[in-house]
Amino acid sequence: MSNPQQLRYSKEHEWLSAAEDGVSTVGITEHAANALGDVVYVQLPEVGDTVTAGETCGELESTKSVSDLYSPVTGEVVEANQDVVDDPSLVNSAPFERGWLFKVRVAQEPEDLLSAAEYTDFAS
Amino acid sequence: MSNAPRLTALDALHRSLGATMTDFAGWDMPLRYTSERDEHHAVRTKAGLFDLSHMGEISVTGPQAAALLDYALVGNIGGVATGRARYTMICREDGGILDDLIVYRLGDTEYMVVANASNAQTVLDALTERAEGFDAAVRDDRDAYALIAVQGPASPGILGSLTDADLDGLKYYAGLPGTVAGVPALIARTGYTGEDGFELFVEPRHAETLWQALTEAGAPAGLVPCGLSCRDTLRLEAGMPLYGHELTTSLTPFDAGLGRVVKFEKEGDFVGRKALEAAAERAATNPPRKLVGLVAQGRRVPRAGMSVVAGGEAVGEVTSGAPSPTLGKPLAMAYVDAAHAAPGTEGVGVDIRGTHEPYEVVALPFYKRQK
Numbered sequence: 001m002s003n004p005q006q007l008r009y010s011k012e013h014e015w016l017s018a019a020e021d022g023v024s025t026v027g028i029t030e031h032a033a034n035a036l037g038d039v040v041y042v043q044l045p046e047v048g049d050t051v052t053a054g055e056t057c058g059e060l061e062s063t064k065s066v067s068d069l070y071s072p073v074t075g076e077v078v079e080a081n082q083d084v085v086d087d088p089s090l091v092n093s094a095p096f097e098r099g100w101l102f103k104v105r106v107a108q109e110p111e112d113l114l115s116a117a118e119y120t121d122f123a124s
Numbered sequence: 001m002s003n004a005p006r007l008t009a010l011d012a013l014h015r016s017l018g019a020t021m022t023d024f025a026g027w028d029m030p031l032r033y034t035s036e037r038d039e040h041h042a043v044r045t046k047a048g049l050f051d052l053s054h055m056g057e058i059s060v061t062g063p064q065a066a067a068l069l070d071y072a073l074v075g076n077i078g079g080v081a082t083g084r085a086r087y088t089m090i091c092r093e094d095g096g097i098l099d100d101l102i103v104y105r106l107g108d109t110e111y112m113v114v115a116n117a118s119n120a121q122t123v124l125d126a127l128t129e130r131a132e133g134f135d136a137a138v139r140d141d142r143d144a145y146a147l148i149a150v151q152g153p154a155s156p157g158i159l160g161s162l163t164d165a166d167l168d169g170l171k172y173y174a175g176l177p178g179t180v181a182g183v184p185a186l187i188a189r190t191g192y193t194g195e196d197g198f199e200l201f202v203e204p205r206h207a208e209t210l211w212q213a214l215t216e217a218g219a220p221a222g223l224v225p226c227g228l229s230c231r232d233t234l235r236l237e238a239g240m241p242l243y244g245h246e247l248t249t250s251l252t253p254f255d256a257g258l259g260r261v262v263k264f265e266k267e268g269d270f271v272g273r274k275a276l277e278a279a280a281e282r283a284a285t286n287p288p289r290k291l292v293g294l295v296a297q298g299r300r301v302p303r304a305g306m307s308v309v310a311g312g313e314a315v316g317e318v319t320s321g322a323p324s325p326t327l328g329k330p331l332a333m334a335y336v337d338a339a340h341a342a343p344g345t346e347g348v349g350v351d352i353r354g355t356h357e358p359y360e361v362v363a364l365p366f367y368k369r370q371k
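Top to bottom, those sequences are chains A and B.
Under the UniProt record's numbering, the residue at position 121 of the first sequence is numbered 121, and the numbers go up by one with no gaps.
Under the UniProt record's numbering, the residue at position 59 of the second sequence is numbered 59, and the numbers go up by one with no gaps.
Worth flagging that the hints you see were computed from the coordinates, not collected in a lab.
Any given hint could be a false lead.
Stated by the list, open to error - In silico SDA-like links for lysine to any residue, alpha-carbon gap of 25 Å or less:
#: 1; chain 1: A; residue 1: Lys-64; chain 2: B; residue 2: Lys-371
#: 2; chain 1: B; residue 1: Lys-371; chain 2: B; residue 2: Asp-164
#: 3; chain 1: A; residue 1: Lys-11; chain 2: B; residue 2: Thr-22
As the list claims (entries may be wrong) - In silico negatives: residues of chain A with every beta carbon more than 12 Å from chain B:
#: 4; residue: Glu-12
#: 5; residue: Glu-61
#: 6; residue: Thr-120
These figures come from a predicted structure and were not determined experimentally.
Note that CB positions come from ideal geometry on N, CA and C, so glycine has one too.
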């Protein structure tokens with residue numbers, strides 16, 4: 001599987017897009033989606049919530065288990081992906097595209113985010 | 001003994017198919033090949049192929065094989081006709097369930113007992129101990145067989161193209177020796193998916209040949225390889241109990257709603273009779289809890305061990321839970337206080353990480369195939 005070059009990654013298997021007007025998009029990686037199996041339920045942070053890097057902000061439920069969703073950055077949630085709430089399988093079928101999870105106005109980024117190459121090494 | 005997981009004869013094949021593997025009862029088994037939801041739907045609508053070689057086969061033979069099994073198990077095994085199979089249980093003296101089993105009568109004095117992988121050694125030990133004084137031999141045949149299941153509405157057609165055996169004459173819960181794709185096999189019409197299907201017991205050295213032949217013959221009908229993940233959602237929809245979840249040593253068959261498998265009318269004593277008579281009486285007059293089905297009104301998924309609640313109080317416990325691919329809703333099996341166990345009971349929920357999610361109490365099974 002390939003991890004898009006333009007994104008950065010957390011060790012909790014989230015991806016983070018480069019900020020546009022201060023806003024980044026967050027999702028989970030294909031590696032994480034595959035490990036979870038079919039995702040059947042997602043609970044996302046709500047617009048206006050403050051999320052903190054490395055802390056829980058939602059959950060992802062698959063056939064076999066439930067996993068916490070962590071935020072890769074600190075900031076304010078400005079949009080949650082309603083499409084993925086309605087159809088959680090988007091997390092599996094298009095983790096880097098339509099299966100994105102939420103958008104956040106970045107207040108602070110941790111220093112240990114990984115590049116695509118570093119994440120590929122980390123996850124393999 | 002090494003702690004390395006045991007591998008089935010099909011291990012290399014699973015890896016070449018890209019299966020996600022998982023440890024199950026000491027075996028490295030395929031969890032899924034692609035999407036467990038797709039595999040589930042394939043079994044419901046077309047056909048699925050399973051490697052179940054981790055199941056534990058135990059042969060019981062000899063002039064008193066039937067008498068031994070009638071003493072050791074709760075079912076009427078002597079009454080099973082040759083070529084037929086029976087779902088039964090092995091219990092402790094106190095009535096607690098050691099395992100649920102399928103017993104095939106292969107001949108007049110020849111039986112094959114199939115135990116769950118996690119309990120195979122326990123069952124083998126119990127049968128060996130209980131065989132004392134009987135003119136019968138108990139043999140560990142776990143390494144003698146690979147087990148491949150083909151399940152789903154297309155399975156008779158697929159298997160029929162590979163065998164001369166009379167599948168039309170093979171009833172549900174029956175088994176006969178035959179040849180499939182040139183391989184000698186015990187062909188059994190049994191399964192754990194709620195669908196029509198077959199379980200094929202073969203020598204491990206023939207497993208790959210058989211798997212490949214079924215794969216090729218099944219491809220036009222939509223057969224896909226299936227892992228243990230969809231097996232669990234299939235059996236849950238079909239309301240079938242799983243050892244370690246709905247069945248444990250702390251429950252009798254009557255507590256599990258399966259008292260019908262206990263045959264008090266059979267001749268002679270059997271292990272657990274006295275305790276089971278008391279359990280039957282209790283279940284008829286004052287049952288503590290009942291096994292029910294729960295259907296979620298929302299989308300959060302109940303898991304084993306979560307509390308069933310009513311009026312803010314715990315009234316039961318979930319034993320199995322999963323999203324149902326067929327019904328499109330989360331389902332659970334749960335033991336619930338008798339007062340809240342009637343289908344349609346209002347106000348029942350499941351405590352999912354602190355939130356009481358509403359559930360509907362229903363009779364099992366959730367899904368029954370159209371015949």
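Checked hints:
For the suggested pair Lys-64 (chain A) and Lys-371 (chain B), the alpha carbons sit about 30 Å apart, so the restraint of at most 25 Å is broken. Proposed proximity of Lys-371 (chain B) and Asp-164 (chain B) is supported: the alpha carbons are some 24 Å apart, at most 25 Å. About 23 Å separates the Cα atoms of Lys-11 (chain A) and Thr-22 (chain B), which keeps this hinted pair within 25 Å; it holds. Distance to chain B confirms Glu-12 (chain A) as a non-interface residue, since its nearest Cβ pair spans about 19 Å, more than 12 Å.
A Cβ of chain B approaches the Cβ of Glu-61 (chain A) within 12 Å, the least distance being about 5 Å, so the stated non-interface status is violated. The claim that Thr-120 (chain A) is not at the interface with chain B holds, since no C-beta of that chain comes within 12 Å of its own (minimum 19 Å).
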